[in-house]
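Modelling step: build the complete structure from the supplied sequences, incorporating the hints.
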Amino acid sequence: MTNLDCIFACVMSGKYLSYLPPFVFLLSLSVVLLAKDHLKKVAGYWSMNMVLLLSTPYLHSIMKCDMLWVVKTYMMYLLFAIPLLVMAPFLYKLYLFKFHKIERFTAMEGYLRKVSGSDKSRMYIIEMALPKAFTLGRDVFITAGLLELMSERELKAVIAHEAFHIKQNRFPMIYAFRLLTFIPFQFERLADSYAEKIAGKESLIRARNKISRFYSIS
Amino acid sequence: MVKKKRLEIDELSLLSPLEERIMSFIWENPESTVSEISQNLNVSLSSVAVTIDRLCKHGYVSRERKRVDKRIKYVYSPVLSKEEAKRKMVEDILDTLMERFEDIVVSYFHRRSGDDKS
Ligand SMILES: [Zn+2]
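Chains as they are written, first to last, in my numbering: chain Z, 1 to 218; chain R, 1 to 118.
If you are wondering where the hints come from, they were derived from the structure by calculation, not from laboratory data.
Mimicking DSS-like on lysine-lysine, the simulated pairs with C-alpha atoms at most 30 angstroms apart in a straight line are:
1) R:Lys57 / Z:Lys101
2) R:Lys82 / Z:Lys101
3) Z:Lys120 / R:Lys66
4) R:Lys86 / Z:Lys98
5) R:Lys70 / R:Lys57
6) Z:Lys101 / R:Lys66
7) Z:Lys114 / R:Lys70
8) Z:Lys132 / R:Lys70
9) R:Lys57 / Z:Lys98
10) Z:Lys114 / R:Lys66
11) Z:Lys101 / R:Lys88
12) Z:Lys201 / R:Lys73
13) Z:Lys114 / R:Lys73
14) Z:Lys201 / R:Lys70
15) R:Lys66 / Z:Lys210
16) R:Lys57 / Z:Lys210
17) Z:Lys132 / R:Lys73
18) R:Lys88 / Z:Lys98
19) R:Lys73 / Z:Lys93
20) Z:Lys93 / R:Lys66
21) Z:Lys197 / R:Lys73
22) Z:Lys210 / R:Lys70
23) Z:Lys132 / R:Lys66
24) Z:Lys101 / R:Lys86
25) Z:Lys120 / R:Lys73
26) Z:Lys98 / R:Lys73
27) R:Lys57 / Z:Lys132
28) R:Lys70 / Z:Lys101
29) Z:Lys93 / R:Lys57
30) Z:Lys210 / Z:Lys132
31) R:Lys66 / Z:Lys98
32) R:Lys73 / Z:Lys101
33) Z:Lys120 / R:Lys70
34) R:Lys70 / Z:Lys197
Okay, the calculated bits of chain Z under chain R, using three or more residues with CB under 8 angstroms as the criterion:
35) 126-134
36) 142-156
From the three backbone atoms N, C-alpha and C, an ideal C-beta is built for every residue, glycine too.
Here's what the structure looks like:
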């Protein structure tokens with residue numbers, strides 16, 4: 001028996017609520033595939049992963065076949081990986097503030113809060129010449145290089161993209177799931193299409209082109 | 001760094017070739033932007049950006065935000081004059097040597113100053 005067959009057999013032979021996790025999983029999967037709304041897709045992805053994660057201990061308790069070690073090893077992996085992945089954004093934030101010159105950028109914070117729907121979102125500028133933008137939790141970081149490179153409309157497109165990441169981060173561990181359950185999900189594409197909707201496709205494309213031109217050699 | 005023996009009497013430098021080129025450009029043209037440096041030296045924007053970040057971090061260059069009709073731009077200027085930079089480099093070398101080989105350096109200078117007196 002392969003690992004999957006074994007796990008499958010165990011779930012099927014289990015009593016009580018063993019059919020519930022697969023049911024919720026499939027339901028969530030269909031939400032991911034069929035939902036039009038971006039945030040609903042993210043929600044579907046989140047519950048899909050949550051079910052997988054939560055049913056692992058249950059699987060462990062009902063499993064009787066000889067492939068139990070697979071589940072055990074996976075649980076050990078989760079035990080180490082979850083605290084690390086949950087702490088990673090905080091640690092990275094500490095690192096950034098310790099080793100880089102960073103200042104608040106309030107000029108665009110109103111816009112960010114509007115499009116992210118989070119009135120506690122903050123914007124920071126990192127004093128770095130390479131153009132970069134990223135989100136940690138509900139805060140957006142852009143570098144001096146990016147600020148200099150973009151026109152106001154292009155900057156808004158970048159911020160709208162990051163704002164989607166803020167929305168998505170409201171689901172706990174959403175990013176970590178890609179490393180916990182290995183189910184891929186295209187956050188970047190959703191963030192881009194959200195930004196397109198809000199700031200317009202041309203602005204986003206121009207912003208993207210400027211960045212890739214900056215990084216291309218010549 | 002010192003191991004490479006790029007030390008010559010007039011051309012004492014701990015900077016990489018690109019760092020040197022950027023420094024000498026900024027010494028002649030303070031308040032330059034990354035794109036100006038890139039164009040004038042014919043070096044890619046990303047290389048200039050990475051290098052300028054390093055020069056800022058090591059205290060050779062300072063960054064300043066300017067507003068030019070609604071656009072924001074960042075300009076870079078030398079923190080140290082050429083002479084001061086040379087001095088800083090020598091001191092950096094000596095600091096590193098002192099940290100790592102304090103005994104050898106101290107006895108070396110001791111011997112040197114003894115030589116001078118005799
Ligand atoms: Zn993104």
